[in-house]
Amino acid sequence: MKNLRYTSITGNSSKFLGLLAVYGVFLLLGFYAFVNMEHEGHWITGMNNQVVWGLPHVFAIFLIVAASGALNVASIASAFNKSFYKPLAKLSAVLAIALLAGGLIVLLLDLGRADRLIIAITHYNFKSIFAWNIILYTGFFAIVGVYLWTMLDWQVEKFKRIAGTVAFIWRLILTTGTGSIFGFLVARQGYDEAILAPMFVIMSFSYGMAIYILVLMATYKWTGRPLGNAVIKRLRDLLGVFVAATIYFAVVHHLTNLYITEHHGYEAYILRDGGLITNLFWIGQIVLGSLLPLALVYCPRPAKSRAMTALASILVIVGGFSALYVILIGGQSYPMTLVPGYEASSSFSDGVIASYNPSKWELMLGMGGVAVALLIVTFGLKIFRLVPESLADELTDPHKS
Amino acid sequence: MNTRQIIRLLTATAILLWSFNSIAASQYTGPNRDANGNIVPTPKGEKCVEPTADMRANHMKYLLHKRDKTMHEGIRTKQHSLVQCINCHATPGADGKISRVFEEDSQHFCSTCHASASVKLDCFECHADRPVESFSQSQIPAPNRRSEAVNGSIKPHVAYNRKVQ
Amino acid sequence: MDHNDMKETNKIDQYRRKFLGGSAVAAAGLALAPGVFLHTVQAKPDDEAVSNKNRWGLLIDTTKCAEGCSDCVTACNNEHGLREIHGPATDSQWIRHVTLKNKQTGHQIDMPMMCQHCEKPPCVDVCPTGASFKRTDGIVLVDKHICIGCRYCMMACPYKARNLVHEVLTDQLPTAPRGKGTVESCTLCVHKVDRGDGTTACAEACTAGVILFGDLNDKNSEISQRLAKEGGQQLRAELGLNTGVRYQGL
Ligand code: SF4
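So the protein sequences, as listed, match chains A, B and C.
The first sequence begins at 2 in this note's numbering and counts up by one.
The second sequence begins at 5 in this note's numbering and counts up by one.
The third sequence begins at 7 in this note's numbering and counts up by one.
None of these hints come from the bench; they were simulated from the model.
One or more of the hints may lead you astray.
To be verified - Computed spacing ranges between beta-carbons, pair by pair:
1) B:57 x A:160: 55 to 63 Å
2) B:68 x C:113: 47 to 55 Å
3) B:46 x C:243: 55 to 63 Å
4) C:243 x A:300: 52 to 60 Å
5) B:136 x A:255: 54 to 62 Å
6) B:68 x A:238: 53 to 61 Å
7) C:111 x A:300: 50 to 58 Å
8) A:154 x B:8: 19 to 27 Å
9) A:166 x B:87: 51 to 59 Å
Ideal placement from N, C-alpha and C gives every residue a C-beta, glycine not left out.
Model the full structure from these sequences, guided by the hints.
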């Protein structure tokens, strides 16, 4: 491989400022939503005593899961020593940090008492998976930060391999932890399954890769830097593998449930009778989020088009949001069985599907988190020398040089 | 800046903030007026459970300690209990009304002082800021609910019909 | 106040309790039908910490629970100042009347449901800050001072016993502090238990005698004796949580 020159983006074009302005608008909207929710309480949102985690959590968990996946490229480069991916690694690390920050901010601002952040840091219940996750997230920032440092500073470069490996292991634990937030909930029919943890790991791979592809394409396109097909092809192939694996897990998850008679009601709700949930599952998660991207990646004709690869990535993201909405909202709105064989009714939604209608506040808060993530990436690109000036084929492709 | 300098700077800032704090605490004049000359309700009883100066400086520590004792161990002595503070200190003002913490220009014992010291007052988002006797009749938990709830002399605040669907 | 003064206060407290306790027992005596077993719960001194000598619980006889009745719900709401605010989806319901219908036989069960005060509460396990906790006497509570309102406990509770306070509250009762953004649930009338009332608001209010409060650790208490003789089931017993609330007639 030839020597590549890494430079930061200039970032003073009017386009760049326009981009910042767009982020700014979403940031302000998100902040406004937070202030409102904090002032009024959660009744102004769609959340209630039945569906306690709503749209903000869909956003937050998507971003957190994607953060770990965004580190993939860097992991392949360092932990597995594949030199082809090395030029792509720094952006991958920054993207991971950015997405995690965006997700966490949504999670924090949605707390009933967001003002008590200090308590969340000083009081730990070590039996709580949630508390472990707080440690995992903080650790992720630190470890990926160090890893990034080893990639940017030649003086500490010798630690790059080890930092990369630690980051790789850490992020696997992190996504397992995120999945376990649900997997350990014995109370609810839709959760309480160990498969959720590995499923989240695989989901993270594909969402993270999709976002990475889009960010990389946008960066090179908007700065007019050459981006060769070799890079795109490798990333696209990876995306295809990850999406296929995600489908595999979704299928196994639902087939296992269909085998267990106790879960039939829940499966019927998700797969057949759930209205919006069912649509999101079949149309959002399966057709748009999995099958279509697979077709775009693997059918020879669309696979040649870069726009189609971008579209596939966007669809994977759409599918990811759908999948998390189904897991989160579907899992919560399905009633719990109190006494087997008996149908319950009460003033507290016992025995009925709980309703949840997301509010504009929640959407604004979630979008604010996305804006935070993108803002961090954009600034990262401007401040650090993250990406090579050119990723043209003759520089990257070992067969052509 | 090296580490030593940073530490020195931080220490200096801490000392400065701390001294502002003590100046603010020592400014209070007389028992029933706060720093701004607002009249504070006259407390019931002869004297507080601790000397006034001690209370001014340390009431939050006492309350915090007692809070955990009550919450986790069920220790409900009156000493340092927030309810008791309120019972003695939240008394009617000149207009015969008990001032409430969150009303405008509050003359409540706690809020006048917290306002002039600019310290956020968190307790009363959840806790009662006046003695239970001053609640209106329908808000007091009667010692024996049964008869009253049944014969309807107490109006329930919420009577969800169990089959709301 | 020095140590002596403190002792003095405690003495006064004890005196006051004796006086109040006496009249409360007298009142309870009047309300009881002749021949009904009366077990007085001994009040602990105010300055004594609760201990695992006791395990407070409820026994609920669903066969006596009347369809359409909400006396216990009303009593609970009054006792803790729960009010109607933005509707049943977001308002707190610490206790609710649940009707169960058998899908095949049509058999109907009516029963009150509240926090089941598990011995191994999932809400306590999952709470990141330790705000959810179990007192040594078995009462599961939320320390709202350190609750951050993450609602993970609500996700974890198999009985949906918990509520988030969805709005700013005013006029909370001194005995039931509650506030926006924190989670709450049935406290087993902990303020009454600590006062030595030996009952809960819901148990007091139920004229049909569905709800019995008592000490599950005391072999001689009425609740233990009835459980020993008549038995009682846990809701969702398969989860192995060893609940403090037991049901008959399921
Ligand atoms: S909502 Fe409060 S009590 Fe419940 S898990 Fe979170 S911090 Fe703990």
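Checked hints:
| no. | hint | result |
| --- | --- | --- |
| 1 | B:57 x A:160: 55 to 63 Å | holds (57 Å) |
| 2 | B:68 x C:113: 47 to 55 Å | holds (53 Å) |
| 3 | B:46 x C:243: 55 to 63 Å | holds (58 Å) |
| 4 | C:243 x A:300: 52 to 60 Å | holds (54 Å) |
| 5 | B:136 x A:255: 54 to 62 Å | holds (55 Å) |
| 6 | B:68 x A:238: 53 to 61 Å | holds (59 Å) |
| 7 | C:111 x A:300: 50 to 58 Å | holds (56 Å) |
| 8 | A:154 x B:8: 19 to 27 Å | holds (26 Å) |
| 9 | A:166 x B:87: 51 to 59 Å | holds (57 Å) |
The structure is consistent with each of the numbered hints, conforming to all of them.
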